[in-house]
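Colleague: Sequence:
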Amino acid sequence: MELTGEYGPPRDEQELAAVVDITTQAFAMVAADAEGVVRKNHAAQLLRLLRHDGQVAATLTLIRMAQFLGGRSVPMIGVGGVGVAPEHRGAGAATRLFHHFLREMRDEGAPLSVLYPATQPLYRRVGYEQSGARYEIHVDASALELGERSLTLRPMRPSDEAAVDACYRRFASQRHGWLDRGDYIWRRVRTPRQDTAHGFVVEGASGLEGFVYLVRSLAPQGAVPKQVLKLNDLVATTPAAARRLLRFLGDHRSLAQDVVWFGGADEPLLALLREQTYQLKLSMHWMTRLLNVPQALEARGWPPGLSGALHLDVADDVLPDNQGRFVLEVEGGAARVRKGGDGRMRLHVRALAPLYTGFLTPRALQLAGMLEADEASLQVAGALFSGPAPSMRDMF
1 MELTGEYGPP
11 RDEQELAAVV
21 DITTQAFAMV
31 AADAEGVVRK
41 NHAAQLLRLL
51 RHDGQVAATL
61 TLIRMAQFLG
71 GRSVPMIGVG
81 GVGVAPEHRG
91 AGAATRLFHH
101 FLREMRDEGA
111 PLSVLYPATQ
121 PLYRRVGYEQ
131 SGARYEIHVD
141 ASALELGERS
151 LTLRPMRPSD
161 EAAVDACYRR
171 FASQRHGWLD
181 RGDYIWRRVR
191 TPRQDTAHGF
201 VVEGASGLEG
211 FVYLVRSLAP
221 QGAVPKQVLK
231 LNDLVATTPA
241 AARRLLRFLG
251 DHRSLAQDVV
261 WFGGADEPLL
271 ALLREQTYQL
281 KLSMHWMTRL
291 LNVPQALEAR
301 GWPPGLSGAL
311 HLDVADDVLP
321 DNQGRFVLEV
331 EGGAARVRKG
341 GDGRMRLHVR
351 ALAPLYTGFL
361 TPRALQLAGM
371 LEADEASLQV
381 AGALFSGPAP
391 SMRDMF
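The sequence shown runs 1 to 396 under the UniProt record's numbering.
Because the hints were derived from the structure by calculation, they are not lab data.
In this text, all values refer to a predicted model and were calculated from it rather than measured experimentally.
Worth double-checking, as some hints may not be accurate.
[As the list claims (entries may be wrong)] Dumping the calculated DSSO-like pairs for lysine-lysine here, alpha-carbon to alpha-carbon at most 30 Å: (1) 281 x 226; (2) 281 x 230; (3) 40 x 230.
Can you build the whole structure from these sequences, using the hints too?
Modeller: Spelled out as structure tokens, the structure:
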């Protein structure tokens with residue numbers, strides 16, 4: 001596709017004001033709040049925009065971070081704040097913006113991009129596909145009366161920040177699909193917009209074993225409103241820390257009824273509850289785009305006890321370097337990719353994304369008409385890409 005429109009970061013105050021206006025309208029924000037967000041992202045050099053006839057037509061925010069896949073941290077570019085000026089809607093501005101953006105990020109060396117879609121057709125046109133899920137978990141505080149007080153729980157101090165970061169990373173590295181957070185995501189956890197997050201840590205013999213960031217709000221219903229405890233983060237690296245944190249949340253039962261956090265369908269803390277007194281519902285699917293097929297395949301972790309080779313034939317109408325045949329060879333938990341091979345598994349780069357994360361099996365992709373392969377290739381791919389369902393706690 002021929003790229004049209006001029007692309008890059010904002011050049012002056014006039015363009016920043018245009019981004020603020022687009023953000024205000026696209027996300028129904030108060031103008032002052034939108035300006036604060038836009039200026040902060042501009043200072044961090046995270047904004048990109050598309051100009052048409054000298055005017056800002058569309059904008060996005062890029063977030064450099066990483067994602068744990070197969071136990072390894074894979075560099076990744078998150079995308080947020082996608083907005084199109086009202087007068088440019090329906091004219092392909094967002095598609096052109098993403099064509100520029102994807103090429104820039106590939107040239108920068110990023111193997112992956114991930115986003116949460118407001119609308120899927122746009123992102124599918126440029127090579128993204130559903131690749132994991134974020135679930136919303138609701139538990140009644142009265143169900144958290146666990147008899148665990150052996151570990152010390154105290155309010156978080158500024159000096160705890162490095163230990164909290166390390167605790168999260170130990171935990172998240174074992175959760176397939178979770179973010180290896182950067183400053184952008186940590187700010188959202190610790191200082192949520194228009195809210196106050198209170199942090200608490202749990203300490204044991206080995207040091208910091210868990211923590212929670214919680215935001216308190218009032219439920220609107222009832223003659224005597226109760227609090228809702230929204231957990232921006234909840235991490236326990238030992239069974240004792242898990243029980244202590246749940247008991248701490250249960251101790252709020254005279255003030256709060258609903259305790260809410262986000263994670264995967266396989267949330268381990270729910271196994272500690274006496275009854276199935278919780279609700280688990282899909283919040284949103286996130287979408288992945290492979291920017292560099294060989295690099296992405298080599299960067300993630302693989303089942304250490306498996307070995308095999310898969311002959312891929314990949315189509316990509318946005319990033320030509322991704323097109324063609326590749327041989328994926330896996331052994332000892334690592335992969336090597338070389339060009340060539342027989343191309344026995346044929347798929348678009350869009351279909352490769354859910355296969356890559358393990359969100360959809362090769363047979364499911366075949367049934368959806370997104371993949372063609374012989375029986376032997378289906379079996380090899382099914383084994384190599386097997387593993388826990390990919391999930392994510394953070395929204396961005």
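Colleague: Sort out whether residue 230 lies within 30 Å of residue 40, counting only the CA atoms.
Modeller: The hint holds at about 25 Å.
Colleague: Residue 281 and residue 226: Cα distance at most 30 Å?
Modeller: It holds: about 22 Å lies between the C-alpha atoms, which stays within 30 Å.
Colleague: Residue 281 and residue 230 were given as a pair; does the straight-line alpha-carbon distance stay at or below 30 Å?
Modeller: holds (15 Å)
Violated hints for the displayed structure: none, as all numbered hints are satisfied.
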